[in-house]
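4 protein chains.
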Amino acid sequence: MTMLKSVYPLYLNNVAQQPNTDLAVTDKFTGEVAFRVAQADMATIDAAIKGAVEAAQPMAQMASYERQAVLTHCVTRFTERFDELAYALCVEAGKPIKDSEGEVGRLIDTFRIAAEESVRMTGEVQPLDISARSRGYQGIWKRVPIGPCSFISPFNFPLNLAAHKIAPALAVGCPFVMKPASRTPLGAIIIGEVLAETDLPKGAFSILPASRDGADLFTTDERLKLLSFTGSPDVGWDLKARCGKKKVVLELGGNAAVIVDADADLDDALERVIFGAFYQSGQSCIGVQRIIIHADVYDRFRDMLVARTKSLVAGDPKLRDTFIGPMIHAKEAMRLETWVNEAVAAGATLLCGGSRDGAMLDATLLEDVPADTRIVTEEAFGPIALLSSFTDFNAALAEVNASKFGLQAGIFTRDLFKVLDAWDHLDVGGVVINDVPSYRVDNMPYGGVKDSGLGREGVRFAMEDMTEIRNLVIRRA
Amino acid sequence: MTMLKSVYPLYLNNVAQQPNTDLAVTDKFTGEVAFRVAQADMATIDAAIKGAVEAAQPMAQMASYERQAVLTHCVTRFTERFDELAYALCVEAGKPIKDSEGEVGRLIDTFRIAAEESVRMTGEVQPLDISARSRGYQGIWKRVPIGPCSFISPFNFPLNLAAHKIAPALAVGCPFVMKPASRTPLGAIIIGEVLAETDLPKGAFSILPASRDGADLFTTDERLKLLSFTGSPDVGWDLKARCGKKKVVLELGGNAAVIVDADADLDDALERVIFGAFYQSGQSCIGVQRIIIHADVYDRFRDMLVARTKSLVAGDPKLRDTFIGPMIHAKEAMRLETWVNEAVAAGATLLCGGSRDGAMLDATLLEDVPADTRIVTEEAFGPIALLSSFTDFNAALAEVNASKFGLQAGIFTRDLFKVLDAWDHLDVGGVVINDVPSYRVDNMPYGGVKDSGLGREGVRFAMEDMTEIRNLVIRRA
Amino acid sequence: MTMLKSVYPLYLNNVAQQPNTDLAVTDKFTGEVAFRVAQADMATIDAAIKGAVEAAQPMAQMASYERQAVLTHCVTRFTERFDELAYALCVEAGKPIKDSEGEVGRLIDTFRIAAEESVRMTGEVQPLDISARSRGYQGIWKRVPIGPCSFISPFNFPLNLAAHKIAPALAVGCPFVMKPASRTPLGAIIIGEVLAETDLPKGAFSILPASRDGADLFTTDERLKLLSFTGSPDVGWDLKARCGKKKVVLELGGNAAVIVDADADLDDALERVIFGAFYQSGQSCIGVQRIIIHADVYDRFRDMLVARTKSLVAGDPKLRDTFIGPMIHAKEAMRLETWVNEAVAAGATLLCGGSRDGAMLDATLLEDVPADTRIVTEEAFGPIALLSSFTDFNAALAEVNASKFGLQAGIFTRDLFKVLDAWDHLDVGGVVINDVPSYRVDNMPYGGVKDSGLGREGVRFAMEDMTEIRNLVIRRA
Amino acid sequence: MTMLKSVYPLYLNNVAQQPNTDLAVTDKFTGEVAFRVAQADMATIDAAIKGAVEAAQPMAQMASYERQAVLTHCVTRFTERFDELAYALCVEAGKPIKDSEGEVGRLIDTFRIAAEESVRMTGEVQPLDISARSRGYQGIWKRVPIGPCSFISPFNFPLNLAAHKIAPALAVGCPFVMKPASRTPLGAIIIGEVLAETDLPKGAFSILPASRDGADLFTTDERLKLLSFTGSPDVGWDLKARCGKKKVVLELGGNAAVIVDADADLDDALERVIFGAFYQSGQSCIGVQRIIIHADVYDRFRDMLVARTKSLVAGDPKLRDTFIGPMIHAKEAMRLETWVNEAVAAGATLLCGGSRDGAMLDATLLEDVPADTRIVTEEAFGPIALLSSFTDFNAALAEVNASKFGLQAGIFTRDLFKVLDAWDHLDVGGVVINDVPSYRVDNMPYGGVKDSGLGREGVRFAMEDMTEIRNLVIRRA
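Residue numbers (UniProt numbering), protein chains in the order written: chain A, 1 to 477; chain B, 1 to 477; chain C, 1 to 477; chain D, 1 to 477.
Hints are not guaranteed to be accurate.
A pair holds if it fits inside one copy or across any two, identical chains being indistinguishable in the list.
As the list claims (entries may be wrong) - BS3-like cross-link-like pairs, simulated, lysine-lysine; straight-line CA separation at most 27 Å: (1) Lys-98 <-> Lys-5; (2) Lys-5 <-> Lys-310; (3) Lys-50 <-> Lys-310; (4) Lys-5 <-> Lys-245; (5) Lys-404 <-> Lys-5; (6) Lys-318 <-> Lys-98.
Since the hints were made in silico from the structure, they are not lab data.
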């Protein structure tokens, strides 16, 4: 039994099209082709951009309630198709079914938040008569949609990280062209299927799987006013350099750290840290990569972590008790295997895990890892976490900051002043207290500093990026 | 009598230095060297960036009232040195003395606004328990300074457009390195002189005149977290492509238009349009370049404009009744002369002006100018305006939008629905009713769309750009 | 056929109770008893207040999503019961069925807005280190529910004006006791029926029809923290004097005016003014009572108004083409009949209408009405409007202000400066341009000044009133 | 040497007047008459109200920068007259000179905050097209001054608590009439003296010392639109019942508590608690009255408190090392002496203090005080604090809440979750962490719940109360 079809279209200017079935998408656990998807060539992308340009004005003129109706329709349909969406994620991303269901829940949250925000795009009445020269002037500004947007979404949250671009765009009235990840295009395709049921202006959306080679227009075309990319740091920063006059939002990766202070409730922290390190095989920008433990509880917490990690069930993500599924591709698992071996060769101790079978990589813990190994300095993006210890809290903060990345950090402590110190000094987009950095609610501002990105998502914040302030100044003679 | 010195230093890490006097700055009216200024080489710029990096943390930790005290000191000192500052502008920019005084007034406004805003950098308490999965979570976000900033400021408002970068940076607690325009460095230098009187952390500011060749670090150095550039579109967009991971704010140019509708009070509009077109010889990003007049009043308003333009006094900017001073350089005047000739050759009618004497260019009006001539499509940035007529208001709006630029637009009308239509449909950063696009108050959001730039200045808006949102999430088990 | 039952309960601490059937509610058109409702005595009201006090803490601790779920349930159920709710309004209020349907639509809007706002109750991070003495201090404030609320709602919008109290209370987490209007209790009762389907904490709500005599606890009981009353001015101001330490919100009446300027589109204005004056027989706080017409169009617009008024269909509100139904009671119709006669006796001219049959009063227009007659100075609250003319716009504004009331005003003009003058100078809560004062959207701030009331409703604004700011100050030594 | 005059005027409609010298103000330490002040009769108050009504429109029309200029003038002049103002406080309030200087500093802060806020009175552009019926409508609201205000200020902060009413009123453009405390009228009189140097519209302010008997118009006159009272609870709630249609803000008293948890830094806490309990002889609404100490540190902290209390210097407030000056009147000291005796008779233990000499009352500590004695349940408003112990933090929170008052509370703890619990559950206007409840910064929201008052001051918050929202709705046909 499968809820999936064997062939899926692309969406060009709101309409499903099946020019080809060029993109074969595998079941990430079995490795077999699960379905085929149409792929867009440059002419199609160009047509989509043209359509988006033409849709800009009609979309800007949609009433608030009309934009809300589109988003509410999505909430309704995603709820109805909940199981199918979760299954699709499970197959195309190899994401354990429980995590897949969790993501569908968040997809719905994200669209619901956007539906609610779509009628709340406020502006400001601002006094301008602040000096004698401006007597008689008054100002009012509002936000207007920035225009056609370009979206590139990643493989690890095929639904919700597409949603974090699509839903705000619809909420403000921006048409968009989206390139979903080639390995997991189906999430976005189904969103497209649901959007096609609405009466959005022609050109409002195109969802176009494409090979990276042919996809340059997503980056370079000057008709597009904003590029929002979620994915790997190297790709992201390269796009920024090549994207012309567009505004750019980049949600990139990290090597997120969690601090476990001496006063932490270790039993409670254990479950959260295991979750943060290993859920969906660590393939999250905010997955726990570094666990920084107070020396007083280091040995005990290490032993707890190792025991719990060894107990994690790995295997078929479609099974409800599976915790560790496959990585997105064997190449990625191989990369990490190499990094682990490299670290061990440099003196690190392997506490558990470390083995690989195809795309399946064991949940792995290391300690005593030299600070300059790739497994420390680069983004692991897999089921691997590194333990270290500290005695001085400020040194722990410094260790968190000793990274080129800065997305989120977690701290298990109850000490108010440590919390405030962390909030003041951690060079990250978000500090999570009593939990792992891996936590995100879809309405909160989310994004990184340093190499982790540029700008914030989280519906309302993305909406601000997708709009321009347009001021109105009135002179009364 | 002069209030100016013959030699000025640069400011490196808060301290005046006089390594050389390499930069000769002319009196723009006489063409003679008025004073000489130290110029920074690459090593100096590098040292400044290093200093800024070291100042980042101490500045982030300054109390709000300490940042306010620095800005208030500036307000006090600029007020005391009002005449000197105006005179400096008059000499180095060739700006008529009355306009120079106006700019000093705005400099003071800008710092006063920033002083007031410096104690108002608020954050938000945000409910996160918006679905069952986030029960027990709460969120609070605040703004933290983005870090060392790179500022490049233009020649036309040597004080106030430097102030629009410096004052917000101080308000939020960002150190900065600034490269002022080489033709008019003195405004920024004097700001530096005043800042050096404060106890800002070492490295908080460097003001470094530099030749464009040696100044690449302002753009490319990855230690700098934000590049804010005000200047010409070509330069600006090129910087964006080369600036690496920095956030970018660009305040570029335009060919701003004003619509004079049939119901306008022509006498009132006349003075404002003349001001918009010709103040400081049209060398303003929002100077009136295109005057779009309702056919019913076209002939009458044209005649009024021509008569009034002919009456403008051109000459020595130090004289109090001079309205038209020199352009920044004879090359610029020559460029415009060429454009005018080109337009006339293409069929345009010269209504008045058009003659040049060195850097002095007549206030010039043209009509019947073909839409594809450079004087229409490019930024004139000089004392030239073009008349055209319309009968349908929507067509007039379309004519305003028929530009690659989009900074501000002005409309003389009292019709509420036309006002709202313009606010909805004009693709610009600001619509000014009953006045020229050239109007700006220093607290309002200001900036362009399309080729006119990226982002908004206006103290509070610049402050937002100069900060990162840092979220705090708390999980209560 | 009827969708109504013959007997309805009250709701005490979330539970339907039928202690009696003391309150007979008539069909306002036929005058016959339509159904009977339980009435609360003082002991019941006391028990309800006790329950509300006990519910305060549990409600304050509900997660945002739980409050939202309650409100969303209401939206769903009201949508399902749309026809029944409209029919109930039609019967108990004599409201024409189309207007009744309109009100049900607004009921749903109001709850939907509240559902959306319930997850958006934000607070503020505020810098406190604004002078040396507060170095090291920081502040954060949030809103907490004010506690048990007392609501008294009027007869003219039995659903939506109850909703404007109930929905915000649920959105912020305040328990409440409500006394609906005795003549039209059913709207609130059905809201109670739907709320009883949720798992709100016991005591969260009580809906208690009561005779005015026994209802003093709604006003005087000090356990209640806020009194929100919508109704007649005399009653409202008296309650304020007797309500002890409670916060008070009063939404009272007015004698709203509309200005029709010389540039108005009269055909368009006609339909809106007729609507504003006569919908639901003028029984609205913002019904048009005074029509102030520019002298240049006075005669023409008067004739249009008279003709259109005469064409209005009066009769059975259950019939779909009925525009004028009965007033709430023959006594009210008699009162107005008296006022009309009094005005005519004083010199006014009756243009049309003026006759009464029981509770049915003709749609009535008068002109030349002396300014000191009751029909001018008091709230008519019936299908009557008065015409006057003006030549100077400022005089028209002054005429609007020449009232003890100040709720809303309407102006038909396209002149921007007149619009801004009106916004500056009209002493009302809202100025409506190109429409009648009778317009309201349920998310906008709504309420009056002068004798028209105190405070603002409109979901978000009511939510602010139903909360207290609770500050958190942290000193870091 | 004295900086004070022997006679002071009242200010009627901006102008100093000396109709009499009826009010003798004593030096609170010596008990001798220090100066005499004119007192207003009912006719004068009536004239002031009339002037305020006439000033309402001109003040509403002042440009933002004009309102700011008035406030900035005050900041300048208060700074120049710093010593004189502090001396005046010291004499008329018996406030130790150091505390007097602190209050002058805060006076200046309050006016500076107001100056800054005066140009920031923003409004909101709000989408109204949230359902099909409101298509084509848009909304914008702004704030307008509420009109003439009535202010009654207390004796304990003669400058700053007058400033918290006057400065916001000027910031928004409301005229006002103020009745300062009869025992300490001079602070407000000198503010009036400074305001009289500005060109505020005639009638903008009147400062009118008056006997309570003749002062009823401050409460009852319906021309006044807001009554803002700071003083004792009994008087405040009585005024609310008698104030007619006015909006009411009440800043009343309390019996504030501080919790000292087991993890507190006792040395640090000691100085703050002593300050909170005894500064200006405890005559502050947020003075520490109840000290709730964790049992584990109770004995130690009690001993520290007793020792430190005994070391406090009492005596002439004009001497720089005096900590405890006189109470405002011997009657008040006698009242407290009675309460102490009553408590001791009921079983309380007197730890130190308890003696009285005229208006001088010893700094007094008690323990084991029965919960129902007046010294616990009522507001002490003097140099007395009561010690109790707790073991369970939630019980300590409950003890704080076991009061009819709810102004502020302090907690010495570093535990984040206790902090959040306190913020959630303490029924007060403000929770102060790591400090006493007695802390206030003049820009923060400040005010109480329960019997402690209604509404919030703190400049921006008072400004909101002193304005009405005026909505503008535009229908585009």
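Status of the hints after comparison with the structure:
For a Cα distance limit of 27 Å, the shortest separation of Lys-98 from Lys-5 inside one copy, 22 Å, qualifies, whereas the shortest one across copies, 47 Å, does not. For the homomeric pair Lys-5 and Lys-310, neither the shortest alpha-carbon distance inside one copy (37 Å) nor that between copies (64 Å) is at most 27 Å. Neither within a single protomer nor between protomers do Lys-50 and Lys-310 lie at most 27 Å apart by alpha-carbon distance, with minima of 53 Å and 47 Å respectively. Taking the shortest Cα distances, Lys-5 and Lys-245 never come within 27 Å of each other, neither inside one copy (40 Å) nor across copies (42 Å).
For a Cα distance limit of 27 Å, the shortest separation of Lys-404 from Lys-5 qualifies neither inside one copy, at 42 Å, nor across copies, at 46 Å. Taking the shortest Cα distances, Lys-318 and Lys-98 sit within 27 Å of each other inside one copy (9 Å), while across copies they are farther apart (53 Å).
Comparing the model with each earlier hint shows violations of hints 2, 3, 4 and 5; every other hint is respected.
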